[in-house]
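Trainee: One-letter residues, chain by chain:
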Amino acid sequence: MDFLAEGFRRAWGLLVTGDSEVYGIALLTLKVAVVATAISCAAGLPLGYFLATRAFWGRRAALTIVNTALAFPTVVVGLLLYGLLSRRGPLGGIGWLYTWQAIVVGDILLALPIAAALSAAAIQGVDPRIRRTAETLGAGSWRTAWTVAREARFALAAVITAAFGQVVAEIGAAMIVGGNIRGSTRTLTTAVALYTAQGDFGLALALGLVLLMLALVVNIALQVLQGRGHA
Amino acid sequence: MLELRGVRQRYEGRVVLDLEQFTVPRTATVAVVGHNGAGKSTLLRLLALLEAPTEGQAFLNGTAVPRRPSASLRRRVTLVEQRPVLFRGTVRANLEYGLRVRDTGQAAANGIIADVVERLGLQPLLSRRRHELSDGEVQRVAVARALALRTDVLLLDEPASSADRAAAGALYRALAAERAARPFAVCIASHQLEDAYRWTDDIRALADGRLSPVTPENLFRVELPVGDGVKSVRVGSIEIVVMTDRAGPAVVAVPPTDIFVSREPLPSSARNVFKGRVTGMAIEHRGAGVHVRADMAGVELVAAVTAEAARDLALTPGGPVVFSFKATAVQVF
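For the protein sequence lines, the chains are D and L, in the order given.
Counted the way the working numbering counts, the first sequence spans residues 1 to 231.
Counted the way the working numbering counts, the second sequence spans residues 232 to 564.
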């Protein structure tokens, strides 16, 4: 028990004194998560809308693939991306291996199926009359999509939250393609894993608490963005 | 002019609409009547260019409509669905929606909205949201939202289904006033024959996805027994005697002009004699005929008589009436 209490005491100390390593790691994690969430949602939400509203050949197969990709193991994504980005890989020339950009790419691959599959489900949950009404009132495809999305805004906000949650908590890909390099690609999750293994429980706990707070702050921000619950 | 040619619409392999030709002429008022499931709503969605027919082609002013029509083409037609929905936001925001889509200036939009609000009495509702409205109010707002767009063709699917009779009358009067100010085509799907006769000048019947060759009143889906000649079929709580060799599921129709109307049963050759009460009378939109609706033990029948005959018989809503028709007058499809 002493060891746990000591861990919490040290964590608190690191947080209130503004330990530069802790905050550096937190900032990098936030940067990676925000960029990856933004890109995966910018692509995944329209993809989900498309899958939910357009009848085309192979639609069912596409939905199945996206839903399967939801359960893709993060280390496998990391491994595949490592193969692509390593010096001998086809994308080795861009030199992204062990950079924060590589972590972003891995996170996008993991969050994109979440954004697409869950937003497709959210859009399918909207009364089909909303879309027909927008169309018959003369809306073009973009405005129709916007009108339908507005009706599903709570579900879509949950989609963004889920994508962010996946990205911020992800460790497998970040470890493999990021390399957990101090001061450059060490994220909260990879750092927690490392410091726990090294026996620095207090530092690991401090970083874990930061991770929780980060998730809390982002969720609160999303809720504020959604506005009040007017119909 | 809006037209469908050789249209066949299938859902999951089942043909729900099969029309050689269906035209809504410029500035005409057309009513489409028929049972639930007769294909009325499908027809209106095709006319609204919201769906492309599985087979066949839609034409707008003689030009073939592509399978995915542009927004500018769709803006010539608008549909108010049977159970319309409002978007999130106030009633005013809903009324503005289609005008914003069309980039109508704020001043012009305000003028148009003031017009439709006045016509449909929506002033007290303007700042309300959809959950604060009754079904009838939602329907009125939806009609106003469509009217504000000043389309060439307005399609209304059961526009008075959620309204009481007075509200329905107000709605149709608003439509008539709008049409007097600016001629446009209207196509109404309705099961209220009374409304169809009063407010439109062209009535077409749909039965099982096809245009029915007879006037649309007194259409019943029945199960014909096996056998030749005269047989009796059950329609609700009454039995109608028909003359046919057909058997199995069918639609029977009793043309209103073939029904004798009297106050007491008359000795005659008619095999079908029903006593009931008058539930409504409507003067035809054109001509001197009167449509007498009567409740015959729970089944509504409509008979057409001349205005003089209606006066001589002193028919009044709620009063007793007898309808008689011959077995051979009943048409079988």
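You may find that some hints are simply not true.
If you anchor each label on the Cβ, the simulated ranges turn out as follows [stated by the list, open to error]:
id : chain 1 : residue 1 : chain 2 : residue 2 : range
1  : L       : P297      : D       : V217      : 31 to 41 angstroms
2  : L       : R299      : D       : R60       : 13 to 23 angstroms
3  : L       : H362      : D       : V34       : 30 to 40 angstroms
4  : D       : R150      : L       : V563      : 47 to 57 angstroms
5  : D       : G58       : L       : P297      : 21 to 31 angstroms
Some chain D residues flagged as far from chain L (calculated, every beta-carbon gap over 12 angstroms) [said to hold, decoys possible]:
id : residue
6  : R10
7  : G138
8  : W142
9  : G172
10 : I181
11 : V218
Derived list of chain L stretches under chain D, where covered just means 3 residues or more per stretch with a C-beta under 8 angstroms from a C-beta of chain D [unchecked claim]:
id : region
12 : 273-282
13 : 310-316
To be clear, the hints were calculated from the coordinates, so they are not data collected in a lab.
None of the values given here were measured: they were computed from a predicted structure.
Backbone N, C-alpha and C define an ideal beta-carbon position, used for all residues, glycine too.
Trainee: Quick check: which numbered hints come out false for this structure?
Mentor: 1, 7 and 8
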